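Numbering (this note's numbering), first residue to last: 1 to 152.
Hints in this document: simulated from the structure, not taken from any laboratory. Among the clues, some could well be false.
To be verified - Below 30 Å or equal to it, Euclidean Cα-Cα: the simulated DSS-like pairs (lysine-lysine) are: (1) 73 to 128; (2) 128 to 51; (3) 70 to 147.
Said to hold, decoys possible - Now the in silico label distances, taken between C-beta atoms and shown as ranges: (4) 95 to 149: 17 to 23 Å; (5) 148 to 81: 27 to 33 Å; (6) 44 to 109: 21 to 27 Å; (7) 42 to 77: 31 to 37 Å; (8) 146 to 42: 27 to 33 Å; (9) 128 to 84: 18 to 24 Å; (10) 64 to 146: 15 to 21 Å; (11) 149 to 47: 16 to 22 Å.
Note that the structure is a prediction, hence the values are computed from the model and not measured. All C-beta atoms in this analysis are idealised placements derived from N, C-alpha and C, irrespective of residue type, glycine included.
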Amino acid sequence: CPWHVPFALRTRKAVLSDFKLLCFLDCSILLKYTDLKSKHTDLNVLLDLQKIISDNCVVIFSKTTCFYCKMSKKLFEDMNVNYTAVELDMNTNGSQFQDILEQMTGGRTVPRVFVNGTFVGGATDTQKLHEEGKLLPLVHQCQVKRKSSTAI
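Between the sequences and the hints, there should be enough to build the whole structure, so can you do that?
Structure representation (structure tokens):
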């Protein structure tokens, strides 16, 4: 399944200098922090970001005044899909989150959209997946996986 490989790694050669990104078959993301002293990133911030991505089927890293962020949120609202929005301009760790997201995805722009633990792109990429009929199946895959894990 091509979705097991993060979008950024499928579309461009990404350099992950201080982080190693591993994507398991279930698409959960594990970040391994390798050099805490060389970055201004607190390990707890890194773990918080990882938890947000792994605990939610859809996560949109956003800024409150960003048109493209609003477009991405509206797309999920129109599909009646719950999402978690992390407003980087309102979050005390927003700048650090954005630094980590740049390392993970190869870009700093927002929105940064994750579905089922996998980075799917920005607003345009997410819209394109929807138009191709590929976005909702990814969301449903996550929802089914979560329902089956809570039923055990």
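Verification of the hints:
1. 73 to 128: holds, 14 Å
2. 128 to 51: holds, 27 Å
3. 70 to 147: holds, 28 Å
4. 95 to 149: 17 to 23 Å: violated, 33 Å
5. 148 to 81: 27 to 33 Å: Because 19 Å falls outside the window, the suggested range is violated.
6. 44 to 109: 21 to 27 Å: Holds: the Cβ-Cβ distance is about 25 Å, inside 21 to 27 Å.
7. 42 to 77: 31 to 37 Å: Since residue 42 and residue 77 have Cβ atoms about 33 Å apart, the given range 31 to 37 Å holds.
8. 146 to 42: 27 to 33 Å: holds, 29 Å
9. 128 to 84: 18 to 24 Å: Holds, at about 22 Å.
10. 64 to 146: 15 to 21 Å: violated, 28 Å
11. 149 to 47: 16 to 22 Å: Since the Cβ atoms of residue 149 and residue 47 sit about 21 Å apart, the hinted range of 16 to 22 Å holds.
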